[in-house]
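Undergrad: Single-letter residue listing:
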Amino acid sequence: GAGVSQTPSNKVTEKGKYVELRCDPISGHTALYWYRQSLGQGPEFLIYFQGTGAADDSGLPNDRFFAVRPEGSVSTLKIQRTERGDSAVYLCASGASGKNEQFFGPGTRLTVL
Amino acid sequence: QKEVEQNSGPLSVPEGAIASLNCTYSDRGSQSFFWYRQYSGKSPELIMFIYSNGDKEDGRFTAQLNKASQYVSLLIRDSQPSDSATYLCAVNRPGSARQLTFGSGTQLTVLP
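Protein sequences appear in the order of chains X and R. Everything in the first sequence is counted per my numbering, starting at 10 for the first residue and increasing by one. Everything in the second sequence is counted per my numbering, starting at -18 for the first residue and increasing by one.
For the record, the hints were derived by calculation from the structure and aren't laboratory data. Nothing here was measured: the structure is a model prediction, and the numbers come from that model. There may be inaccurate statements among the hints.
The list that follows gives simulated cross-link-like pairs (lysine-lysine, DSS-like), each with its CA atoms no further than 30 Å apart [claimed, not checked]:
no., chain 1, residue 1, chain 2, residue 2
1, R, K48, R, K(-17)
2, R, K23, X, K108
3, X, K108, R, K37
From the derived model, a few chain R residues whose C-beta atoms are all more than 12 Å from chain X [what the hints assert, rightly or not]:
no., residue
4, G(-3)
5, Q12
6, E26
7, Q45
8, R58
9, L69
10, S77
11, R79
Idealized CB from N, CA, C, for every residue including glycine.
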């Protein structure tokens, strides 16, 4: 497809469980970003990848959150021991090399019961 | 003080009017400024970006940047009901061209 894709679109889990959220960026985009958005707020930065490496992970809230991008394309955001406060829409964005513009995918709505 | 501030609205304008959306930011080192449109239940869509002082026009949209006043605005000419959405202002964090800080958004309603 032409845009960023994210799976699943919705994820409901129980407190304490582990979840993985997947992002497939726009073809050819080297930069990949994860944000999360709570109701009524703007997206909040989590992590930025340039290629395979995390260039900036300063937005990850704690060590329960981890993200990988092993082949420089698809990325997975991993959340351990989920808490109710983790409930949000997790957004992935990608960008072309040398460009600052970021293009968002449809998001994954995570609900922790 | 919030890093990126927007009037939450709601802002209502009649169809055909000019909608003016405003955003202020706190850090003088920011260099990149973006406007995203977000329809209810959807993800943000990039509509404008501006990196230099002055105006930048794209169709019905004009972005205005004043770094001295730490102010960026978005004008929508000939507003249409389909422009009704939340508009998010985003600013890069100084020292990181890629980490964006978003405002909470302004909800715009264009009345037919």
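Undergrad: Each hint should be assessed against the structure and marked as holding or not.
TA: Here is what the structure says about each hint:
1. R:K48 <-> R:K(-17): Satisfied, since the Cα-Cα distance of roughly 17 Å is no more than 30 Å.
2. R:K23 <-> X:K108: holds (24 Å)
3. X:K108 <-> R:K37: holds (18 Å)
4. G(-3): holds (29 Å)
5. Q12: Q12 of chain R not clear of chain X: closest Cβ-Cβ about 9 Å, inside 12 Å.
6. E26: Since the minimum Cβ distance to chain X is about 7 Å, E26 of chain R lies within 12 Å and the statement is violated.
7. Q45: holds (18 Å)
8. R58: Fine: 23 Å to the nearest Cβ keeps R58 of chain R off the interface.
9. L69: Label violated. Min Cβ-Cβ 5 Å, cutoff 12 Å.
10. S77: violated (6 Å)
11. R79: violated (5 Å)
Comparing the model with each earlier hint shows violations of hints 5, 6, 9, 10 and 11; every other hint is respected.
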